[in-house]
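The chain contents come next:
8 protein chains.
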Amino acid sequence: MRDGSVTTGEAMERLKLLPYEDLGFAKIDHHRALRRGFPEAVFGAAKTPEEIAAIVARIAALGQNVLVTRASVEAHARVAETHPAAVFHAAARCLTLRVKEPEALPGTIAVVTAGTSDIPVAEEAAVTAEIHGATVARVYDVGVAGLHRLLDQAPLLRTADVVLVVAGMEGALPSVVGGLVDAPVVAVPTSVGYGASFHGLAALLAMLNSCSSGVAVVNIDNGFGAASLACLMLRKSARRS
Amino acid sequence: MRDGSVTTGEAMERLKLLPYEDLGFAKIDHHRALRRGFPEAVFGAAKTPEEIAAIVARIAALGQNVLVTRASVEAHARVAETHPAAVFHAAARCLTLRVKEPEALPGTIAVVTAGTSDIPVAEEAAVTAEIHGATVARVYDVGVAGLHRLLDQAPLLRTADVVLVVAGMEGALPSVVGGLVDAPVVAVPTSVGYGASFHGLAALLAMLNSCSSGVAVVNIDNGFGAASLACLMLRKSARRS
Amino acid sequence: MRDGSVTTGEAMERLKLLPYEDLGFAKIDHHRALRRGFPEAVFGAAKTPEEIAAIVARIAALGQNVLVTRASVEAHARVAETHPAAVFHAAARCLTLRVKEPEALPGTIAVVTAGTSDIPVAEEAAVTAEIHGATVARVYDVGVAGLHRLLDQAPLLRTADVVLVVAGMEGALPSVVGGLVDAPVVAVPTSVGYGASFHGLAALLAMLNSCSSGVAVVNIDNGFGAASLACLMLRKSARRS
Amino acid sequence: MRDGSVTTGEAMERLKLLPYEDLGFAKIDHHRALRRGFPEAVFGAAKTPEEIAAIVARIAALGQNVLVTRASVEAHARVAETHPAAVFHAAARCLTLRVKEPEALPGTIAVVTAGTSDIPVAEEAAVTAEIHGATVARVYDVGVAGLHRLLDQAPLLRTADVVLVVAGMEGALPSVVGGLVDAPVVAVPTSVGYGASFHGLAALLAMLNSCSSGVAVVNIDNGFGAASLACLMLRKSARRS
Amino acid sequence: MRDGSVTTGEAMERLKLLPYEDLGFAKIDHHRALRRGFPEAVFGAAKTPEEIAAIVARIAALGQNVLVTRASVEAHARVAETHPAAVFHAAARCLTLRVKEPEALPGTIAVVTAGTSDIPVAEEAAVTAEIHGATVARVYDVGVAGLHRLLDQAPLLRTADVVLVVAGMEGALPSVVGGLVDAPVVAVPTSVGYGASFHGLAALLAMLNSCSSGVAVVNIDNGFGAASLACLMLRKSARRS
Amino acid sequence: MRDGSVTTGEAMERLKLLPYEDLGFAKIDHHRALRRGFPEAVFGAAKTPEEIAAIVARIAALGQNVLVTRASVEAHARVAETHPAAVFHAAARCLTLRVKEPEALPGTIAVVTAGTSDIPVAEEAAVTAEIHGATVARVYDVGVAGLHRLLDQAPLLRTADVVLVVAGMEGALPSVVGGLVDAPVVAVPTSVGYGASFHGLAALLAMLNSCSSGVAVVNIDNGFGAASLACLMLRKSARRS
Amino acid sequence: MRDGSVTTGEAMERLKLLPYEDLGFAKIDHHRALRRGFPEAVFGAAKTPEEIAAIVARIAALGQNVLVTRASVEAHARVAETHPAAVFHAAARCLTLRVKEPEALPGTIAVVTAGTSDIPVAEEAAVTAEIHGATVARVYDVGVAGLHRLLDQAPLLRTADVVLVVAGMEGALPSVVGGLVDAPVVAVPTSVGYGASFHGLAALLAMLNSCSSGVAVVNIDNGFGAASLACLMLRKSARRS
Amino acid sequence: MRDGSVTTGEAMERLKLLPYEDLGFAKIDHHRALRRGFPEAVFGAAKTPEEIAAIVARIAALGQNVLVTRASVEAHARVAETHPAAVFHAAARCLTLRVKEPEALPGTIAVVTAGTSDIPVAEEAAVTAEIHGATVARVYDVGVAGLHRLLDQAPLLRTADVVLVVAGMEGALPSVVGGLVDAPVVAVPTSVGYGASFHGLAALLAMLNSCSSGVAVVNIDNGFGAASLACLMLRKSARRS
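Residue numbers (our numbering), protein chains in the order written: chain A, 1 to 241; chain B, 1 to 241; chain C, 1 to 241; chain D, 1 to 241; chain E, 1 to 241; chain F, 1 to 241; chain G, 1 to 241; chain H, 1 to 241.
Hints are computed from structural coordinates only; laboratory data are not their basis.
Since we're looking at a predicted model, the values are computed, not measured.
Among these hints, one or two may not hold up.
[As the list claims (entries may be wrong)] Where chain D lies over chain H, by a calculated footprint (3+ residues, C-beta under 8 Å):
no., segment
1, 121-134
2, 193-201
[Unchecked claim] So the derived label-pair ranges between C-beta atoms look like this:
no., chain 1, residue 1, chain 2, residue 2, range
3, H, A90, G, P102, 19 to 25 Å
4, C, T48, A, A137, 36 to 42 Å
5, H, L151, D, P106, 41 to 47 Å
6, A, P84, C, A57, 48 to 54 Å
7, D, A45, B, V73, 21 to 27 Å
8, B, H148, C, L151, 50 to 56 Å
9, F, A80, C, K100, 50 to 56 Å
10, D, L151, C, T48, 51 to 57 Å
11, H, L151, G, V99, 49 to 55 Å
12, G, R98, D, L151, 30 to 36 Å
13, A, E50, F, A154, 39 to 45 Å
14, C, K100, B, V73, 58 to 64 Å
[Said to hold, decoys possible] Negatives, chain B to chain D, calculated, CB over 12 Å:
no., residue
15, A46
16, R58
17, R78
Even glycine gets a Cβ: it sits at the ideal position worked out from N, Cα and C.
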């Protein structure tokens with residue numbers, strides 16, 4: 001092409017040939033996102049606003065959507081200088097840039113929290129799911145000490161195709177939710193708590209020992225990972241059906 | 001008294017003078033049981049049937065009821081040779097000998113378990129409470145993965161003055177029960193589970209981090225301790241009212 | 001009502017209909033406090049002064065007393081702008097707002113500390129108990145290395161209906177107190193110590209293994225939880241008698 | 001029906017009415033299995049052959065398939081006396097009794113192990129999946145120290161709808177498999193190893209920290225749980241499509 | 001000497017020349033015992049009766065006293081065949097053979113236990129101290145839950161030059177004793193307990209965090225080590241004075 | 001006395017009558033220091049300069065020497081305003097105020113460190129020992145990776161009556177020193193290290209498992225406690241001889 | 001070849017084509033051993049004598065030497081029925097079968113232990129090294145509490161090309177050896193010890209924190225792994241030189 | 001020499017006489033570096049720029065190369081005032097000063113990382129190796145979730161004489177690399193990760209349990225230690241050949 005622009009088809013071909021790309025301070029592996037048709041995800045925690053901006057720009061130039069987790073408002077400001085369409089999700093501490101509409105995934109992912117302090121992790125999951133093309137139902141602050149709140153939401157939870165349950169402290173909610181629904185449950189322990197919560201260890205152990213049989217667990221505070229897994233589930237069934 | 005027998009009043013006086021008594025292989029502290037009007041309790045785990053029989057005989061001779069926890073059927077057989085009234089509570093792994101009717105405590109202690117494997121610890125608590133003079137309501141196998149079972153029992157639980165909640169694995173039940181009742185909840189983690197339950201550690205940590213505010217915790221598998229505490233609560237209020 | 005004001009009776013009815021209320025950044029569950037007749041409690045640690053002020057205002061408007069634990073002096077300043085009756089308990093790191101006199105609970109709660117560094121946690125317990133309507137006896141700095149101080153207080157401790165024992169480092173005090181009194185003992189490990197105290201773990205484990213049988217344990221630094229439990233004990237016996 | 005036999009339809013109705021059933025030594029909750037259309041599962045570890053036989057008989061009488069995990073050859077012998085169709089899966093330490101053909105689930109579950117010592121846990125997963133109606137592809141002994149074995153199986157793994165990865169020691173295989181497939185990966189740490197494996201803790205922690213984003217984890221040695229979750233995934237998508 | 005016998009002086013010279021001696025299955029380091037004038041100590045746990053007999057014989061032939069800790073009654077029987085003067089201390093699980101009177105150490109070592117289950121470790125300490133030439137005062141079963149027993153013994157404890165405090169469970173006794181005496185306290189945690197005692201870890205941590213400043217700690221169940229240290233203290237002061 | 005000053009004899013009498021004294025923010029227990037003839041020790045870590053100054057002033061007024069550990073230069077400045085004789089020991093992070101010459105203890109305490117980073121803890125021990133009246137020999141930076149340095153100091157170490165060995169990282173030095181001397185060894189693990197030192201846990205565990213039999217251990221970074229224990233040893237033998 | 005026998009060259013070619021071989025209960029990966037020219041190694045712990053015999057026979061038939069670690073005397077008896085040349089190394093718990101002379105590796109591997117209880121792990125290392133063709137110098141029972149023994153061996157240790165240091169308890173020996181030699185040190189923690197050794201954890205942590213810079217660590221009790229690594233070092237340098 | 005300068009030969013002699021040198025705030029042990037012919041290494045973490053400058057100056061004056069790890073840009077600025085040839089390696093957080101060309105080591109050290117966040121530790125290793133005279137091949141960001149990147153580098157890795165593998169999170173890379181190469185592998189866990197990585201513990205445990213037999217492990221984030229060990233390997237073989 002003479003004008004230097006890149007069509008989506010060409011970009012995809014180019015990426016398939018390039019297993020990864022070196023920006024000096026980071027290598028971007030386009031391979032997996034491309035293969036799965038999912039956005040590129042960047043872990044923003046230890047990167048400077050400048051590094052994040054450079055990575056985002058490079059991915060966007062190839063026509064891919066971008067998700068930056070653990071992003072700061074400074075990083076967003078820097079990205080927005082060149083990409084004003086970039087959105088900062090404050091509650092989720094995430095930045096997204098959509099250069100195209102993500103392919104819609106079938107079904108619904110319910111994201112449930114035990115308390116209000118678990119919401120940042122839940123929002124990371126929700127934003128991750130949405131940029132992957134999923135429909136998300138948020139059900140927050142329904143911890144087990146007040147069952148009436150949770151039971152009110154049971155009909156909604158039963159319609160979900162995957163349920164992400166985000167809880168700190170004693171991490172009891174996934175077991176209760178697992179008993180109410182027939183969908184797979186992905187439990188996300190959070191570091192919410194103090195003392196003998198040991199930064200999420202108590203919740204993590206509780207979830208691994210869930211007496212409900214359809215529950216699996218991801219790392220403490222890993223909303224992104226839970227949502228990624230949920231999207232793979234939806235995608236897989238979409239392709240099969 | 002001429003015949004050498006000992007009246008209860010005299011025995012109590014005698015015991016108050018003796019802070020403890022030395023049987024050679026063990027010292028018995030009659031002081032506390034007497035003061036509280038509770039039975040003598042013996043931890044049977046590391047004692048031989050002969051030692052247990054000797055201790056039981058000594059206590060009974062002083063007109064006190066006896067509770068032996070972590071007792072074996074062999075210990076019971078040996079005790080029963082001289083004290084045929086001794087009862088072995090197989091499910092609780094406890095032996096009791098009642099030489100007098102315990103003074104009745106007011107109110108009811110509910111003993112609740114998450115699963116059937118938690119029953120031995122719960123029975124240790126129930127037998128302990130009963131020999132202390134308490135009324136016990138057993139509510140077993142109502143774990144959080146099947147809320148309908150637990151909710152069926154909620155009206156009964158709400159009538160209890162203290163609720164002992166016995167659970168292994170993820171230890172979630174005390175938090176849920178704590179949200180359903182207004183009574184104090186004593187949580188007893190059990191060593192039921194495998195892998196990341198780490199012999200009851202997961203349940204213990206979960207219970208310590210309970211989001212329900214009226215919950216306290218005792219050692220793993222310590223049914224005796226939970227019931228002793230519950231009886232002190234009932235006794236205290238009995239004396240005050 | 002024309003003037004928009006709300007009588008207490010009406011507020012209670014309204015709350016009973018509303019299981020919870022959504023302030024956007026937090027849901028308030030009035031259900032439990034109402035049912036128990038206790039004040040609303042707010043965990044202030046991760047909330048901004050503005051959020052705390054909004055929650056306090058909403059609860060006060062409904063005629064309920066409020067307790068904010070882990071509160072800052074800034075939060076108090078913000079609350080006091082609109083509610084000058086709000087009190088900041090510096091030693092306890094708590095804020096209270098009394099809009100009515102709490103219903104008095106029978107009996108006395110003794111709050112005992114091993115050292116002076118345990119006082120903030122003890123004060124959190126004491127302030128919590130007082131806003132619940134309890135009478136509190138403070139017995140501070142009576143650690144086991146100087147038994148004479150503790151034994152001096154034994155007569156006072158024996159009059160208490162519940163004893164809260166707050167200790168860091170080796171956490172030995174609850175066992176000793178448990179041997180001196182016939183009341184239930186609630187042990188509160190604190191994070192006071194260094195090195196192998198592992199932020200309160202040493203004290204926590206010690207308390208769980210107490211050789212005194214009437215001792216239960218709450219989370220590290222959880223003065224609020226211990227006092228809540230104690231108040232439930234007193235309330236239960238008040239209702240029964 | 002005159003002859004006392006029970007049709008499937010009637011049995012289901014009856015079970016729906018009975019939330020659970022009490023056999024004295026155990027309560028069976030037919031509710032969940034029925035609702036999901038899955039077999040009843042019994043954890044055989046702490047039950048006697050007689051207890052297992054009684055439970056199996058009761059479930060079979062209601063026309064439900066049965067799976068007993070952690071079963072012994074003695075338990076099988078006892079069950080086979082009355083139910084000769086019961087099958088003992090020695091490698092899986094499982095017993096199954098099929099009284100009807102399970103409803104087939106769509107898609108394939110790949111069960112992968114790192115070493116030969118992980119096979120018992122993998123077989124527990126495979127047998128569980130099969131009695132739930134799933135098609136299973138076994139890929140054993142493809143640990144990361146010999147990548148050629150694993151890469152040989154990559155095309156097969158890519159056809160699976162869910163991949164269960166069973167590994168002890170360093171637990172590295174799920175991360176590698178997660179990079180090769182686009183399906184959800186459920187990681188099962190095993191207690192295989194010695195020394196610093198700490199009975200599966202090393203593998204568990206590694207899997208929770210997987211750098212591959214589509215990986216969730218179940219308890220150590222919990223093949224049953226992983227397969228149950230996988231079947232829920234397949235079922236959910238089957239119902240949606 | 002003509003008859004092949006060895007005088008003590010010669011033996012000592014010979015040993016000083018030999019830094020150690022090789023019996024094939026074990027090397028004996030006579031160096032340290034000789035230098036300190038203390039008996040040879042052998043850790044019997046993993047040795048066969050035959051090996052123990054051979055080592056004991058070799059040491060005795062050189063005119064040294066011997067102490068075998070963690071010894072079995074079988075080992076004693078085997079040793080007694082050739083050395084009938086060997087004594088088996090059943091409560092201490094120790095074997096001693098005195099071929100000469102140990103040089104008396106000045107002062108007294110008090111050995112204190114919290115409970116009766118701690119006695120084996122205490123006896124290991126006491127037997128160790130005695131074969132080193134020390135005078136031992138045993139004060140057993142004076143745990144902190146019954147302070148009256150302990151306070152009865154306070155005058156005796158105050159006369160000791162070193163106090164060894166042996167306790168399992170919550171390990172509180174050393175702190176209390178440390179507050180009663182002016183002598184150095186060596187704390188010995190024991191593995192007595194269950195659940196959250198974690199095989200002595202709870203007691204160990206408590207003792208390391210003792211609020212009494214004159215307390216040091218040895219390994220769990222290490223009665224031998226505590227007594228060895230105490231004897232060094234006494235010896236050192238003996239030599240200085 | 002007319003002028004309000006207090007003679008030492010009177011002060012001692014007064015203190016013996018007062019078991020402790022309440023300064024509002026802290027209670028001072030003069031009992032123990034008096035009884036032992038040692039200085040008052042104050043843990044300065046969580047106290048303000050003003051609080052420290054007030055405590056120091058009160059103790060000095062009674063004619064007692066004072067030691068403040070974990071003190072800051074600010075605290076010293078504040079104390080020096082009124083007590084210019086107060087000395088700040090920067091390397092030890094300690095403040096001392098001598099109002100009289102301490103009674104000399106017999107013998108020598110060697111304070112040994114593995115590295116230069118361990119010096120602050122060692123200096124806390126040395127300063128503590130000196131204000132107690134002990135003679136201290138400092139032997140620093142003689143870690144086991146360079147045995148020649150340590151062996152050069154062996155003759156000096158062998159003259160000490162107690163040896164305090166301060167080490168972080170792998171904590172190996174106490175075992176080696178224990179093999180070189182016949183004096184009691186008090187091991188002080190430090191938090192020096194990173195990664196798998198886990199803030200001193202590695203050194204602590206190593207020291208507890210020392211293969212040298214005359215070694216006891218105090219808490220991580222507890223130089224004060226080790227020196228206090230050493231002084232008790234010296235004092236005890238001084239009184240006996 | 002007519003007689004069916006297999007020349008070494010042919011066997012190697014055949015193996016290179018076969019990446020692995022399936023015996024039903026185990027797959028043997030000849031690839032790596034072949035490529036490295038090393039013997040096949042089999043972890044015997046969880047295998048029956050029959051399985052071990054079958055694997056050994058298969059490997060021997062291909063002309064490869066075999067090493068079975070964690071082997072039993074029963075396994076040896078079973079192997080010896082068909083391969084009388086098989087040797088059982090009792091101290092090492094290893095079985096070897098040499099069908100050809102291993103290619104000699106240059107240099108020497110010193111295997112050092114702290115105590116006699118560490119010898120089984122050391123022998124596993126030594127036997128492993130020897131069947132790989134290495135020359136081994138055994139230096140046993142030279143723990144740090146008796147430096148004279150170790151220093152006696154320093155000249156020998158300095159001639160080694162790699163030093164494997166095997167130690168339990170406090171794990172101090174590798175740091176000391178690392179300071180004496182200029183060769184790489186591979187530290188092997190053992191599970192020798194009790195109480196706070198936590199089955200080798202104390203030694204493991206100590207070794208990881210070694211202040212000697214040339215030390216790396218393998219798993220607890222992993223003598224085989226340490227020796228394999230040492231042989232790779234020697235082999236690599238042999239090929240380069 | 002009249003001019004005060006020091007020839008290399010003289011300096012070496014002088015150093016051999018001086019086992020160590022005291023700068024007041026630190027002792028420098030020239031012994032080992034000299035003996036090995038390696039540069040002096042200084043751990044810069046807890047030292048001030050002034051201290052680092054003084055140490056560097058002293059070492060340089062003796063004609064030795066210097067490596068400061070965990071150095072700051074401020075320390076470099078201070079050193080560069082007097083030694084403008086000092087180089088700051090920002091990515092490695094290291095400072096080097098070469099006063100002579102290091103003696104070249106034979107062979108190549110490959111330094112491999114799983115992710116970009118592991119690069120600082122890897123660079124510490126690489127810079128350390130280079131100042132020791134080694135040739136380094138950097139292979140960064142080749143984590144196991146994208147095997148194609150790693151396999152692309154396999155031919156390069158196979159040419160290395162030692163491979164250092166630096167990885168955080170699940171620490172899986174050393175096992176995979178160990179299966180691809182025949183060289184010794186030194187695994188360096190990093191503290192990269194969050195939640196259940198527990199500051200590098202997950203990676204550390206995984207690496208200790210590696211199923212690849214030629215892998216040893218150093219402390220978390222200890223790039224310096226790994227490189228030092230690798231250089232000893234190369235040096236040893238250089239001297240032998």
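Tested hints:
{"no.": "1", "hint": "121-134", "result": "violated (count 0)"}
{"no.": "2", "hint": "193-201", "result": "holds (count 6)"}
{"no.": "3", "hint": "A90/H - P102/G: 19 to 25 Å", "result": "violated, 48 Å"}
{"no.": "4", "hint": "T48/C - A137/A: 36 to 42 Å", "result": "violated, 28 Å"}
{"no.": "5", "hint": "L151/H - P106/D: 41 to 47 Å", "result": "violated, 34 Å"}
{"no.": "6", "hint": "P84/A - A57/C: 48 to 54 Å", "result": "violated, 38 Å"}
{"no.": "7", "hint": "A45/D - V73/B: 21 to 27 Å", "result": "holds, 23 Å"}
{"no.": "8", "hint": "H148/B - L151/C: 50 to 56 Å", "result": "holds, 53 Å"}
{"no.": "9", "hint": "A80/F - K100/C: 50 to 56 Å", "result": "holds, 53 Å"}
{"no.": "10", "hint": "L151/D - T48/C: 51 to 57 Å", "result": "holds, 53 Å"}
{"no.": "11", "hint": "L151/H - V99/G: 49 to 55 Å", "result": "violated, 34 Å"}
{"no.": "12", "hint": "R98/G - L151/D: 30 to 36 Å", "result": "holds, 34 Å"}
{"no.": "13", "hint": "E50/A - A154/F: 39 to 45 Å", "result": "violated, 58 Å"}
{"no.": "14", "hint": "K100/C - V73/B: 58 to 64 Å", "result": "holds, 59 Å"}
{"no.": "15", "hint": "A46", "result": "holds, 24 Å"}
{"no.": "16", "hint": "R58", "result": "holds, 36 Å"}
{"no.": "17", "hint": "R78", "result": "holds, 26 Å"}
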